[in-house]
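*Asks:* Working from the sequences, and respecting the hints, build out all of it.
Number of protein chains: 2
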Amino acid sequence: MGKQEVSGFQTQHEFADRVSNLPESFIREILKVTTRPEIISFAGGLPNPELFPVDEIAAATLAVLQESGQDILQYTVTEGYLPLKEKISKRYRKKKGLEIPPENILILSGSQQGLDLVGKAFLNPRELILLEKPTFIGALQSFAVFEPSIEEVSITTAGPDMEEVRRALDKKPKLFYCVPNFQNPTGATYSSTRRNEIAQRISGTNTVIVEDDPYGDISFTDEEMKSFWELAPEQTILLGSFSKIISPGLRTGWLAAPSHLIRKLVVLKQAADTHTNHLSQRAIDRYLSDNNIDLHISKIKSAYKAQRDCMVDAIRADFPSEVKVDIPNGGMFLWATLPENVDAYEVFESAIKEKVAFVPAKTFYANLDINNTIRLNFSNCSEEQIREGIRRLGFTLKKFV
Amino acid sequence: MGKQEVSGFQTQHEFADRVSNLPESFIREILKVTTRPEIISFAGGLPNPELFPVDEIAAATLAVLQESGQDILQYTVTEGYLPLKEKISKRYRKKKGLEIPPENILILSGSQQGLDLVGKAFLNPRELILLEKPTFIGALQSFAVFEPSIEEVSITTAGPDMEEVRRALDKKPKLFYCVPNFQNPTGATYSSTRRNEIAQRISGTNTVIVEDDPYGDISFTDEEMKSFWELAPEQTILLGSFSKIISPGLRTGWLAAPSHLIRKLVVLKQAADTHTNHLSQRAIDRYLSDNNIDLHISKIKSAYKAQRDCMVDAIRADFPSEVKVDIPNGGMFLWATLPENVDAYEVFESAIKEKVAFVPAKTFYANLDINNTIRLNFSNCSEEQIREGIRRLGFTLKKFV
Numbered sequence: 000m001g002k003q004e005v006s007g008f009q010t011q012h013e014f015a016d017r018v019s020n021l022p023e024s025f026i027r028e029i030l031k032v033t034t035r036p037e038i039i040s041f042a043g044g045l046p047n048p049e050l051f052p053v054d055e056i057a058a059a060t061l062a063v064l065q066e067s068g069q070d071i072l073q074y075t076v077t078e079g080y081l082p083l084k085e086k087i088s089k090r091y092r093k094k095k096g097l098e099i100p101p102e103n104i105l106i107l108s109g110s111q112q113g114l115d116l117v118g119k120a121f122l123n124p125r126e127l128i129l130l131e132k133p134t135f136i137g138a139l140q141s142f143a144v145f146e147p148s149i150e151e152v153s154i155t156t157a158g159p160d161m162e163e164v165r166r167a168l169d170k171k172p173k174l175f176y177c178v179p180n181f182q183n184p185t186g187a188t189y190s191s192t193r194r195n196e197i198a199q200r201i202s203g204t205n206t207v208i209v210e211d212d213p214y215g216d217i218s219f220t221d222e223e224m225k226s227f228w229e230l231a232p233e234q235t236i237l238l239g240s241f242s243k244i245i246s247p248g249l250r251t252g253w254l255a256a257p258s259h260l261i262r263k264l265v266v267l268k269q270a271a272d273t274h275t276n277h278l279s280q281r282a283i284d285r286y287l288s289d290n291n292i293d294l295h296i297s298k299i300k301s302a303y304k305a306q307r308d309c310m311v312d313a314i315r316a317d318f319p320s321e322v323k324v325d326i327p328n329g330g331m332f333l334w335a336t337l338p339e340n341v342d343a344y345e346v347f348e349s350a351i352k353e354k355v356a357f358v359p360a361k362t363f364y365a366n367l368d369i370n371n372t373i374r375l376n377f378s379n380c381s382e383e384q385i386r387e388g389i390r391r392l393g394f395t396l397k398k399f400v
Numbered sequence: 000m001g002k003q004e005v006s007g008f009q010t011q012h013e014f015a016d017r018v019s020n021l022p023e024s025f026i027r028e029i030l031k032v033t034t035r036p037e038i039i040s041f042a043g044g045l046p047n048p049e050l051f052p053v054d055e056i057a058a059a060t061l062a063v064l065q066e067s068g069q070d071i072l073q074y075t076v077t078e079g080y081l082p083l084k085e086k087i088s089k090r091y092r093k094k095k096g097l098e099i100p101p102e103n104i105l106i107l108s109g110s111q112q113g114l115d116l117v118g119k120a121f122l123n124p125r126e127l128i129l130l131e132k133p134t135f136i137g138a139l140q141s142f143a144v145f146e147p148s149i150e151e152v153s154i155t156t157a158g159p160d161m162e163e164v165r166r167a168l169d170k171k172p173k174l175f176y177c178v179p180n181f182q183n184p185t186g187a188t189y190s191s192t193r194r195n196e197i198a199q200r201i202s203g204t205n206t207v208i209v210e211d212d213p214y215g216d217i218s219f220t221d222e223e224m225k226s227f228w229e230l231a232p233e234q235t236i237l238l239g240s241f242s243k244i245i246s247p248g249l250r251t252g253w254l255a256a257p258s259h260l261i262r263k264l265v266v267l268k269q270a271a272d273t274h275t276n277h278l279s280q281r282a283i284d285r286y287l288s289d290n291n292i293d294l295h296i297s298k299i300k301s302a303y304k305a306q307r308d309c310m311v312d313a314i315r316a317d318f319p320s321e322v323k324v325d326i327p328n329g330g331m332f333l334w335a336t337l338p339e340n341v342d343a344y345e346v347f348e349s350a351i352k353e354k355v356a357f358v359p360a361k362t363f364y365a366n367l368d369i370n371n372t373i374r375l376n377f378s379n380c381s382e383e384q385i386r387e388g389i390r391r392l393g394f395t396l397k398k399f400v
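Chains A and B, in that order, are what the protein sequence lines are. FYI, in numbering that gives the first Met the number 0 the residues of the first sequence are 0 to 400. FYI, in numbering that gives the first Met the number 0 the residues of the second sequence are 0 to 400.
Since no wrong hints were added, every one of them can be taken at face value.
Partial chain A-side listing against chain B, Cβ under 7 Å, derived:
#1 Phe-14
#2 Ala-57
#3 Gln-73
#4 Pro-247
#5 Leu-278
Only part of the chain A face toward chain B is listed, based on derived beta-carbon distances under 8 Å:
#6 Glu-49
#7 Gly-248
#8 Ala-271
Because the hints were derived from the structure by calculation, they are not lab data. No experiment lies behind these values; they were computed from the predicted model shown. Where is the CB? At the ideal position from N, CA and C, for every residue including glycine.
*Replies:* Here's what the structure looks like:
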């Protein structure tokens with residue numbers, strides 16, 4: 000029953016137009032290759048599991064279940080657990096001086112869900128969205144469902160090319176999706192000047208900034224950059240996540256939206272999955288009560304900084320000088336640019352034979368027009384693996400440049 | 000920052016067309032009234048929390064975190080935890096003789112998510128979807144986002160009005176959404192005859208049946224009805240949930256789809272929220288390994304049956320004879336039809352003054368054309384509350400008939 004393929008039906012059940020050209024994640028395909036144990040993989044985007052607070056989360060989970068199990072296993076409100084939202088609000092105030100009232104926060108099943116909700120709420124087919132070039136693959140996938148027109152602005156180490164931003168904003172995009180802190184995939188951080196100019200240009204227009212900030216806490220410097228929530232308060236939807244600072248497996252993130260936008264997003268969240276996992280909301284809330292999250296984050300930061308430094312040193316020793324590497328001040332990724340005539344996908348196929356993996360260019364570009372860049376994840380390998388993997392990759396690269 | 004309302008922006012940031020007429024859940028508004036402790040509420044759709052296996056879930060959660068905490072707190076695959084899918088597959092085989100291979104199952108963040116994914120995958124704006132009349136409010140909300148045309152078929156105690164079904168299927172709907180077992184809100188179950196005729200008529204057409212089955216396990220009889228998965232295997236997407244048999248707060252459900260449809264749904268799930276909460280997937284899997292779920296379900300069934308019987312007895316004693324009540328053979332709801340000239344919403348407002356609540360008609364109808372029906376939930380009240388609440392409601396109803 001239902002096992003054999005009935006070929007006649009394959010074309011009969013027509014999918015909706017919005018999914019006909021959906022980009023499948025190339026990273027997903029890559030990850031299938033890279034799960035082979037002999038391969039050193041810089042391809043994933045995974046936090047280092049050795050830094051997960053397993054015992055503390057277990058203790059918090061057990062405590063809340065013992066104290067209020069019946070309540071926690073029951074349905075709850077779509078908006079999210081209020082004490083958790085209060086803690087998020089308080090942390091924004093303390094860390095960044097941001098005033099984000101709890102009622103402007105919606106708990107999500109991971110911040111990826113925020114992209115789906117924002118796309119649903121704002122994008123009619125063929126309406127313009129501004130994306131970074133390159134951008135986060137998950138954003139490409141989420142927004143593609145809503146069939147927008149896409150305009151890209153090139154990302155350099157100090158943020159987007161401002162000439163391109165000015166031209167793109169003249170076209171009055173509905174949304175500007177950006178990752179201003181330690182961007183995925185480039186590691187770039189927007190300078191203050193660029194943040195200010197973007198906010199100023201967008202202010203009073205129809206454009207909504209979708210500021211995705213999963214890596215903001217993982218900073219290797221003391222510099223605290225301003226959020227668009229502060230610079231363009233009525234036009235910014237801010238996405239945050241516990242994935243990089245506590246655990247991605249618990250799928251708990253949030254969005255903050257101005258009062259005139261939050262209600263529709265709550266209704267859309269309700270239609271999408273009723274509410275976020277109640278146990279994880281309560282466990283994270285308890286974890287935050289019983290532990291010093293800033294101390295935990297500082298451990299992650301120093302570990303990732305050491306991993307980044309190790310990778311940078313190895314690259315200096317083993318990569319051919321023709322490869323340009325951007326060194327990030329935070330986050331989980333290094334970004335390398337190969338000579339223009341080198342196809343990163345060909346390098347990938349060759350590198351797999353040397354038992355090292357990374358993500359080649361095309362995945363990250365809406366228009367698939369750049370082939371010579373690669374993303375290297377440094378958060379999920381030991382220093383020994385980093386040195387050996389970069390040696391193998393350097394060996395491979397030398398065949399291409 | 001971001002706290003004051005800037006009225007000029009309220010209209011400037013235009014939402015997408017798809018959300019302009021989104022139905023807000025009236026139940027949500029009702030629940031705000033009914034959280035007042037003095038009110039006896041038959042309005043919610045909540046399982047009885049006293050039947051949640053709190054200790055067993057706590058033990059399972061702790062066990063999996065202690066054994067594989069780093070793995071569980073990490074990202075995982077979109078498709079869902081394979082051993083859990085194998086258990087779901089095995090249970091379908093054992094209970095209903097259904098062959099649903101694990102690779103045809105996608106774990107969801109609650110089965111509500113299945114409605115969002117199915118709507119996304121199949122519905123272009125203005126394409127036809129067939130809904131039950133009345134139908135599940137969450138389905139109305141989810142599908143509304145995709146701006147379909149809606150055709151309704153009236154539900155009686157033996158299932159949909161077949162004349163209406165025949166006429167509606169002639170219009171070649173893209174989807175037929177149904178809850179054939181102990182439907183929400185009516186408690187109705189489709190007869191075998193109607194299931195067979197629907198499957199036969201749909202077979203070989205373009206229509207996909209979306210069979211939502213959250214209550215199928217909560218049966219008060221021994222009769223096991225056939226799933227459309229068996230009757231129309233290439234054209235059925237089956238939704239299932241742990242919400243009514245283990246816990247809704249853990250937001251873990253699934254869909255099963257034929258091989259030619261499952262892949263797009265997986266890609267859409269990935270874009271929507273990456274994957275379902277990993278800890279809850281693993282905890283439920285462990286719970287199912289360490290406990291006898293059928294024994295647990297039999298406890299739920301006998302408790303709900305006793306609650307249903309109590310409500311039926313109370314209604315016989317206290318409701319005016321003009322009110323027609325449908326007695327369900329499973330699930331969580333009783334359905335009552337008032338005389339045609341009585342507006343259930345007016346009864347609701349009067350009942351609240353008597354400190355008893357229920358959900359009045361309009362919420363459940365896509366076309367809002369019926370006013371004289373009410374839904375009574377019996378799973379989340381003690382027998383004492385049921386008797387007293389029905390007494391109050393009978394008193395109120397007598398003023399209207």
